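Trainee: So you can see what is in the structure, the chains are spelled out below.
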Amino acid sequence: MSFLVVQNLTKEYPLGLLGKEKLKAVDDVSFEIERSKIVSLIGESGSGKTTIGKLVLRLLKPTSGRIVFDGKDVFSLRKEELRDYYRRVQGVFQDPFSSFNPIYKIDRVFDMVFEEFLPEVKASERKARIEQVLTSVGLNPSQILGKYPHQLSGGQLQRILIARILLLDVELLVADEIISMLDASTRVDILNLLGDLKKRGMSVIFITHDLSLGYYISDEALIMYRGSIVEMGDTEKVFRNPVHPYTRMLLESVPEVGKKWDLRERFTPELIGGDSASCKYYDRCPIRERHCRTAHLQMVEVEENHKVLCLKAGA
Amino acid sequence: MRDALLTVRDLKIYYRTLYGYVKAVDGVTFELRDGEVLGIAGESGCGKSTLGNGLVLLKPPMKYVGGEAILDGKNIMALSQREIKRIRYEKISIIPQYAMDALNPTKKIKQIVDDLLREHNSSFEEKRELIEERLAIVNLSKKVLNMYPIELSGGMKQRLVMVISTLMNPDVLVADEITSALDVSTQRSVVQMLYEMKEKKAMKSIIFITHDLAVLYQIADRIMVMYAGKVAEISPTEEIVRQPLHPYTKMLLASLPKIGVRFVNERLKGIPGYPPNLLNIGPGCRFRERCPKAFAKCEQDPPIFDLNGRKVSCWLFERGDGR
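Chains R and W supply the protein sequences, listed in that same order. Position in the first sequence counted from 1, then plus 538, gives you my numbering. Position in the second sequence counted from 1, then plus 21, gives you my numbering.
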């Protein structure tokens, strides 16, 4: 059963002084997330992946479309329902330093969770609960509690934010580039932590620009390009059998140890074309045909649980 | 073996703070050969950027404490202000990490280039042909010369700085994290453009600094891995990825995600613990606290052992075999 349903979600921003032109940051996006699944939203800058995360967290309002969580439209929630929503759906972001108020000790993020969401937990129990969640994210509570944010590393702060999620026993986590500021040797552990949380029943929207990280951790992958999902489905299928030319290009440009690029080959960099073609990838596409400019695009199922937004898919 | 272009011996660059010295680069020895791309890899705080920046533009709070860096017969760390001005940019140049912010916003690109060249007894007009040729390599139109920096995207500015910083065809180019802020598809094109510039003699050798070993694998002839201000290992690229010597290199490579490995089937492992604080740090191998193979001897500073041309700074290799 899908407990998060995103339907025809669109978010436009006005451009220019008068705002007559619109930028579609998210353009008619639909997908569903089941319980206990990790879904990657993969895309480059400007693909709209972060905007989707913010919409799910209700930090932005959509221009049109719906987000339904556990049967209820997220944007119609009021008061108690809203508090309940944030009890169950939370976010962690890229820069852990900016998630903490530098003048307070670390303990405060946990105290706030208790005050806002868990007032019924007695003060005497709180410390034990905090120590328990800190331990389960691989931290030593005695080295964390009583410290200020600047005394800890980015990896430690990110773990603390995940410990906070654990305290709430969140059902859906929006994780936006949570490991892109961390070093290779520490980020894998954070990823593994997400994997463990999934086993305990939590779902994660894992937003990343790094394909190899998305591949490692997620059950399903959504590839985004300029506001649209161009390919989606089972992670193994999307990565092993990429169909959309954009996905293919992305996978070819992922650097990997043991697989050498041909440095003599010329690789076309960013080419931002007009918005006139119905396929947004038209200007960069190596296999485009004339009808790609005008024809109406629709998601095509190329195999079970693997869909592509391309006229040439399956042809 | 190709000749050494730049020879660095026991170089020490510290940061002066209220509490003492932060030993960011602490006794680093290596050579950069003529025509090679030397990759410097390591995690945040390992000293790779301090090293690269210190070689080109040492400025406070960085402090040159000891050792030498010989380029063209001279120790470039101990030159007069006048000599530095000449050597910097003409002999050794840098594409800084935040290249996008390196351009004066109030001037047209053409003016920025002309100002820079005039300080080195040249001018925009004199180099016009070369500039246009190089712009073509990085896929920029001549039109950018009449634009202001604000009119260019981040990626375009970065490619422009690649051109500007190498107009005097320096012997050594330091590229500091030039791919880190870019999207994957742009990352690849930047690496390819840099390679083409080197083929066309825009520079002799490159020191390519990045935290991303997978990117380094694509372009580096040899890789130097740094840890906490010291050299851990220097080896040819193929050898270091196939058979890493230093325990840190091994663990770092093992932590990298790769196609074929997924959480559901196989778990990657990170390196437990955190790097040491470099403020007033004492002797001993700096990786020992996190190293599964640490033993009594690791309390002393490990020298650099030479194994058939591969260099490794780890006591396990005292007798040569690493066991």
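These are calculated hints, taken from the structure and not from any lab test. Because the structure is a prediction, the values reported are computed rather than measured. Please note that a few of the clues may not be correct.
Below are the BS3-like pairs computed for lysine-lysine, each with C-alpha atoms no more than 25 Å apart in a straight line [claimed, not checked]:
1) K798(R) with K128(W)
2) K33(W) with K148(W)
3) K112(W) with K95(W)
4) K163(W) with K84(W)
5) K33(W) with K798(R)
6) K106(W) with K148(W)
7) K617(R) with K599(R)
8) K33(W) with K290(W)
9) K112(W) with K219(W)
10) K33(W) with K106(W)
11) K797(R) with K290(W)
12) K95(W) with K575(R)
13) K775(R) with K562(R)
14) K164(W) with K797(R)
15) K798(R) with K95(W)
16) K798(R) with K332(W)
17) K314(W) with K332(W)
18) K798(R) with K112(W)
19) K112(W) with K84(W)
20) K617(R) with K592(R)
21) K164(W) with K128(W)
22) K643(R) with K617(R)
23) K106(W) with K575(R)
24) K112(W) with K737(R)
25) K737(R) with K279(W)
26) K558(R) with K599(R)
27) K271(W) with K106(W)
28) K279(W) with K797(R)
29) K797(R) with K219(W)
30) K128(W) with K95(W)
31) K775(R) with K279(W)
32) K279(W) with K798(R)
33) K95(W) with K279(W)
34) K106(W) with K798(R)
Computed beta-carbon distance windows for the label pairs [as the list claims (entries may be wrong)]:
35) S816(R) with E146(W): 56 to 62 Å
36) E653(R) with V285(W): 36 to 42 Å
37) L100(W) with S691(R): 35 to 41 Å
Ideal Cβ positions, reconstructed from N, Cα and C, are used throughout, including at glycine.
Trainee: All the hints need checking, so say for each whether the structure fits it.
Mentor: Hint check:
no.: 1; hint: K798(R) with K128(W); in the structure: 40 Å, violated
no.: 2; hint: K33(W) with K148(W); in the structure: 37 Å, violated
no.: 3; hint: K112(W) with K95(W); in the structure: 12 Å, holds
no.: 4; hint: K163(W) with K84(W); in the structure: 40 Å, violated
no.: 5; hint: K33(W) with K798(R); in the structure: 34 Å, violated
no.: 6; hint: K106(W) with K148(W); in the structure: 20 Å, holds
no.: 7; hint: K617(R) with K599(R); in the structure: 17 Å, holds
no.: 8; hint: K33(W) with K290(W); in the structure: 33 Å, violated
no.: 9; hint: K112(W) with K219(W); in the structure: 15 Å, holds
no.: 10; hint: K33(W) with K106(W); in the structure: 22 Å, holds
no.: 11; hint: K797(R) with K290(W); in the structure: 21 Å, holds
no.: 12; hint: K95(W) with K575(R); in the structure: 60 Å, violated
no.: 13; hint: K775(R) with K562(R); in the structure: 28 Å, violated
no.: 14; hint: K164(W) with K797(R); in the structure: 37 Å, violated
no.: 15; hint: K798(R) with K95(W); in the structure: 37 Å, violated
no.: 16; hint: K798(R) with K332(W); in the structure: 24 Å, holds
no.: 17; hint: K314(W) with K332(W); in the structure: 18 Å, holds
no.: 18; hint: K798(R) with K112(W); in the structure: 30 Å, violated
no.: 19; hint: K112(W) with K84(W); in the structure: 22 Å, holds
no.: 20; hint: K617(R) with K592(R); in the structure: 19 Å, holds
no.: 21; hint: K164(W) with K128(W); in the structure: 15 Å, holds
no.: 22; hint: K643(R) with K617(R); in the structure: 29 Å, violated
no.: 23; hint: K106(W) with K575(R); in the structure: 58 Å, violated
no.: 24; hint: K112(W) with K737(R); in the structure: 56 Å, violated
no.: 25; hint: K737(R) with K279(W); in the structure: 22 Å, holds
no.: 26; hint: K558(R) with K599(R); in the structure: 19 Å, holds
no.: 27; hint: K271(W) with K106(W); in the structure: 41 Å, violated
no.: 28; hint: K279(W) with K797(R); in the structure: 10 Å, holds
no.: 29; hint: K797(R) with K219(W); in the structure: 22 Å, holds
no.: 30; hint: K128(W) with K95(W); in the structure: 35 Å, violated
no.: 31; hint: K775(R) with K279(W); in the structure: 16 Å, holds
no.: 32; hint: K279(W) with K798(R); in the structure: 14 Å, holds
no.: 33; hint: K95(W) with K279(W); in the structure: 44 Å, violated
no.: 34; hint: K106(W) with K798(R); in the structure: 38 Å, violated
no.: 35; hint: S816(R) with E146(W): 56 to 62 Å; in the structure: 47 Å, violated
no.: 36; hint: E653(R) with V285(W): 36 to 42 Å; in the structure: 38 Å, holds
no.: 37; hint: L100(W) with S691(R): 35 to 41 Å; in the structure: 37 Å, holds
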